[in-house]
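Residue numbers (the numbering used here), protein chains in the order written: chain A, 1 to 212; chain B, 1001 to 1174.
Please keep in mind that the hints were generated in silico from the structure rather than gathered at the bench. The beta carbon of each residue, even a glycine, is placed where N, CA and C say it ideally should be. One or more of the hints may lead you astray.
Said to hold, decoys possible - Some but not every residue of chain A turned toward chain B, in silico, with C-beta under 7 Å:
hint	residue
1	N83
2	S85
3	E151
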Amino acid sequence: MAYKSNVYFRRAEREDLDTVVAWLDDPDFLHFLYGDPTRSPKQIRENIVSMLGRTVGQTLPGAIYLIIESPNDGPIGLLSLQNISWRNRSCSVDLYMGNKKYRVGLTAGLAWMRAIEYCFDELNLHRVSAYVYSFNTASWRICERSGAVRELTLREHVARDGKLYDMYCYAWLREDFDRLRESMKDQLPGKSLADMIAAWEKSAASPTEANP
Amino acid sequence: MITGEYSIIRTAESDDAFEMGRLYDPAYPRACLLDRKRELLVPTMDELRELLARKDKLAGQLQVIEDRAGNARGFCALRAAETELNYAEMVLMLFEESSYQSPLADEVFEYFSRVAFVHRKHNKLMAQCLDGESAYRAFLLGKEFRSDGVQREAFFSSGRWHNLESLTRFRNQE
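Chain A on its own, in the form it takes in the complex (with noise of 0.2 Å):
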């Protein structure tokens, strides 16, 4: 399997600016997005622009921000890890899925899937969580899916178009993600982050033999 044979995640570049102030101006993007929903959309497209342009070079950034890339489509959606806390070794993730051809399927699982693998794996961290709101159904059937315990309800939490709806909170601990990791061995071969960098690894040492 070739590495770019599926999502993986790659810091933003200059020319996604446009990929992405384009994502901000769909509706879904503020109906989802967490916080005060009266801040202005200029606001809200300097706030992403500015944290996507932060560097994770540093040793121990305390937050980092990712594009999530298809190699057919390019960019498809934002990654962000935020609060990470290198005493507690966690972190909250955020994952948007800008392409909407993308929100369904397997893609926007396997995104979340070589997130939390990120989390663990590379950046050795205990726990990760994530806040989804109930009415985001496709993003917490996902967290579920993927072995994450519901540990908080937060009733009555976030106002939408004059309701009031809960909020969730998801975490997955090193062991959940180890178990879950186990399950879906044989479910979905290859598909780790390990067996594509090694599966890169080969391609580079024989690019005859590389997949398409």
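Let chain A serve as the given structure and place chain B on it in line with the hints.
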């Protein structure tokens, strides 16, 4: 200054830095003192003085609880969340665990309950406690707070993980 039958609640000032410093006991971590990353950063006395001398909204929220004899018994605050969220977080930190079962604590809660639900018309009051804060948790449950759940191993201190529980009390429970 709010003078009750058992307590006096007043805005904290830089002179209260020493008393405030008593709350930062690594052997008895408090959820209220954790930052956004759930880390406990123990400030120096100078930093505490500086914090308490600030006249902005953040510093203005922090209040000292005294008994009627003028002895500091703890600190409290009502941290309002963003407008959209329509809730406030209650912070009540008493020096002595036994004080949570006293009329002084009841009186302070009555005051906060009135401010949050009647004056500010918040929908709910939230509070958090670590697994070691059993007296505070019992106090909150006694005030009809209900658990929203427990965040497992959210905070590391003194060589072990601590769970963090969130509790809520709604206005319509009044």
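Right, here's what the structure says about each hint:
1. N83: It holds, given that the least Cβ distance between N83 (chain A) and chain B is near 5 Å, below 7 Å.
2. S85: Where the cut-off is 7 Å and the nearest Cβ of chain B is about 4 Å from S85 (chain A), the hint holds.
3. E151: Holds, because the Cβ-Cβ distance from E151 (chain A) to chain B comes to roughly 5 Å (cut-off 7 Å).
Checked against the numbered hints listed earlier, the structure breaks none of them; every hint is satisfied.
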